Every structure is written in C-alpha cells, then in structure tokens.
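Chain residues, written in single-letter form:
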Amino acid sequence: MLELKSLDAGYGTFQALFGINLDVRAGEAVGVIGPNGAGKTTLMRVISGLIRPTRGSIKMEDTDVLATPAHRIVDLGIAHVPENRRLFPRLTVDDNLKMGAYMPGARAKYAERLEFVFNLFPRMKERRSQMAGTMSGGEQQMCAIGRALMSDPKLLLLDEPSAGLAPVVVQQVFELVKRIRASGLTVLIVEQNVQQVLKVVDRAYLLEAGSIRASGTSEEMMKTDTIKQAYLGV
Amino acid sequence: MQGFLDIFDIYLLEAVVNGILLGGVLALLALGLNLIFGVIDVTWICYAELVMIGMYGMYYMVQVFGLPYWVAAPIAILLVAALGALLHYIVIEPLLTAPPINQLLATGGVLFILQSFATVAFGIDFRNLGIRLPVLAIGDMHFSYSRLLAFVAALLGMLAVYFFMTRTYTGTAIRAISQDRQIMSLMGVDTKRIYLITSALGGALAGLAACLLVLQYDVHPFVGLSFGPITFLICVLGGLGNFVGGFLAAFVFAQIISLGGLFSDLEWGYVLAFAFFIVMMFIRPAGLLARRS
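Chains as they are written, first to last, in UniProt numbering: chain A, 1 to 234; chain B, 1 to 293.
No lab work stands behind these hints, which were simulated from the structure alone.
Predicted, not measured: the structure shown is a model, and the values here were computed from it.
Zero decoy hints are in this set.
The calculated DSSO-like cross-link candidates involving lysine-lysine, where the alpha carbons are at most 27 Å apart (straight line), are: (1) K223/A with K178/A; (2) K192/B with K109/A; (3) K59/A with K192/B; (4) K59/A with K109/A; (5) K5/A with K154/A; (6) K109/A with K178/A.
Start from the sequences and build out the full structure, keeping to the hints where you can.
Structure below.
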C-alpha cells in the first residue's frame, strides 16, 4: 500500500533520514521504534507531506505522493495524527472533527464518519460542544485520532500516540489501536513505548540515527538482542 | 408617550440611541480588520482606504452612470472584495514570512498609493450620492433613516459572517488556521486559498461599510482618515484579532463619541474616546477581552 524507497530528508543543512526503505501492506499494522531524535517524526512528516524529502520516492497505491500537493495527500487515503495531537484548542470537538472531513470526498460521508467516530469514542459524543483544548490528554488523543478517521483514510499514521499520557490511559490508547486495526484500517505507528507497540503491530522497523537498523515481525524484533537490551530492559 | 419621555432628558436618550447606531457601523469596520489580522496575522493599514474606493465606486455608479442604489451596492461590495483579494495576492502573499514591520510598511504604502490615485483620478472635490433619506421623528427625538439603515445592514452583514464562520467548512477552516497554521495541509486545507477567501471577505465587509457610509458622509480622497484610526483603536481595545472584543469595543467607543458630543462638540467626543483609549491601554494593555494564557 505504502512504499518508501531510498529516502533522504532533513531540515536545512541538517539531515534527519538516510536512505529509508520501508513498506506497509494493506491491512497491516507496522511499527517504527527507536530512541528520541532518531528521525521517527520526520519520517511521518515526510509521508504526509509536511516536509519534502531531498531524495527518494514515496508511493501510495501506485500514486506518486511526492508529485501530489501537500493538501491533497489526505485525499490519497493517508491520515496523519501528528505528534502532540495538535488539535485546534479553541474549536469545539465537533469543529475539530469537521476539519478532519474537510476534503469534498469526506464531506459527502460526514454523517456516516461521525457515527463511526462516536461509536469508537462515545466520550467524544458527550464532549462534542466542549473546546478541545480544555479536555484531558487522553480525550485529546481520542479527538485527534477521531479527526484523522473523519477523512475515511486507508492508512492511519500515528505519531507517538502514548506520549505524555498516564499509564492507564496509555493502555486505553493501545486498546484503541487494536480496535482501529480490527475495523480494517492499515496503521503505521511510531512509538518510543517499544514493549507496548510490539504487542499491537505485525511488523516493526528499528530506526536509529536516521537509518533503519533492523526490521522484522514483532516476534522476531522481541527476540533481537539489541532491542531486548536497549528497549525492552531484559 | 410624551409624558413618559419627559422623565428622561430626551437629548440624552437621542445621543444614546445615535451612539448605538454608530456602534453598528464601527463594529462592521472593526470586524473586517480583525478578520484579516486574526487569520492572516497581517494588519491592513490601508483598510479605510479600501472603504474610500468603495465609496467612490458607489458615487460613480449612482451619480455618473445613474444606477439605482440597490443595484450599485452589491456591485460595490464585489468590487472591494476583489480589491481585497488583489491586495493579498500582490502585496501580502510575497511578504507573508517577512518581518511584521515590512508588512506594515507595505500596506502603509498602499494607503498612500490609494489616496494619491483617488486624488488624481477623482479630484479633491467632496462628492455625495445626492440621496437624502428622510428623518424619523419620535417625540422630540430625530433619527436619520440613513443611520438606521446603516445599523440594520451592518448587523445583518455581521450575522451573515457569523453564520459563514460557524456553519461552513471554509468558515471553520478560517477559524482553525490561526490556531495551528502548520497542520492545515493534513486536513486537506490549501492555506493560500483560505487566505485569499479571507481577504476577499475582509474586502467585502469594507465594501458593505462603504455602501452604508456613503449615505451619511461625502466622499473625498482622504475620507479614510476620518474613520481609519478609530477602527484601529477599536480593534486594539477589543484585543487584536478578537471578534467579540472588537464588537463590544465598537459600541463602547460609539457611546463615548456620541455622549461626549452631546455635552460639547462632536470633536470633543473623539478627544474623549482617544483619551479613554490611552487610559485603557494602561489598565488592560492586551484589550478588553484579552485571552489569559
């Protein structure tokens, strides 16, 4: 579904990603793990068009993502839940969700998508007229994921969904990721919480200092010595 | 009725009502400027000059080409809306990432260009539509229909903007964009397009104000100076970019001007309003409805 080939990217003279090759097949959940500053967020931003790579190619179902204007990429079926959620704090939950359905294709399905999101997050239905910025971190994460789901995506990009949340809420977020997968969506998730994320994904890539150092199924990754020592603490 | 009115000082009541009527038009002017500032983060120093061009548009359509007022008004609104979009496209967009002072200087330059253009093209004579609307008399109080019309039309215009901003996808995007510019593309929003629409909307509000003001005031190349500064003060007093604050501040200013004018000359009303503004800047420097962060 998504294919990245020998991708370089960075900010100004600083290069953050070096020759990334990565692919996500339809129906899969794929994780990208690695330490802080490894380039995980940059990778997500490159896929959704927030920054453009200096080299390489990105394909989404045979469409050249790099030839698509940034604001059209969501129309290819890619929805990005950015790091730190990035809700519109002084808009209501309803208006935040509405922004997720901004593209003409999504507008036509607005009622149906809203029902889907409210089914997934009944809490959002209770909070629909509340300002998004006044909700708890966990609720904001639900709202941010809900906003992304409003565009009826095929591929959901989740950037550190558990960051800054209480342990109990982290559990809930990973439960949600499982349920979103079960609804047939393809998921690419970036996480520092390696132990948790390997439980919900099929495959994972280890990203360190801008390069992919290892990849494999979750079971394989859990058995890899470097990952065990550095990330799982065993 | 007469007995009831005798209880009040009817001149006071008349001044209060006239203050409310003035407030409506000032609120309309402030809304346009606030919209541009709140969404694009740029101050159109030349905002009142767009109104001046709109007033000339009305003058030429009504007096020179003989169009009826009701036909000319929508055309003038569209004309100034196009001018607003053009201003954004030519002047603002190349300067979006420039320091704020450069943006101020550029729109300040447009102010002088428009004033000079009007002087050369239209001359410095005072012009008017030659339309004299009747005066409504209630008891001993007199209210001009042109002010009543301006008030009602300004309120309707602001109501239309409110519904546009809250009910449509584009309006929601306009409110969202100032809260997080970087992620708008993730929603599928073309930021450039939203800026252009906002500029056209700001222009349309200036156009509507022009249609209403031209009924009350003569138009000349420097007419923008008589309500441009007060519009800026209102926006700053309400909190720049704060729509509700600007609305309230417009009515506060209008009352001060109107009541101040009652106790002495109208000019003293303006002096009082500006003095009030200076005092308020010490008490609440971020505006009446400053957001506490």
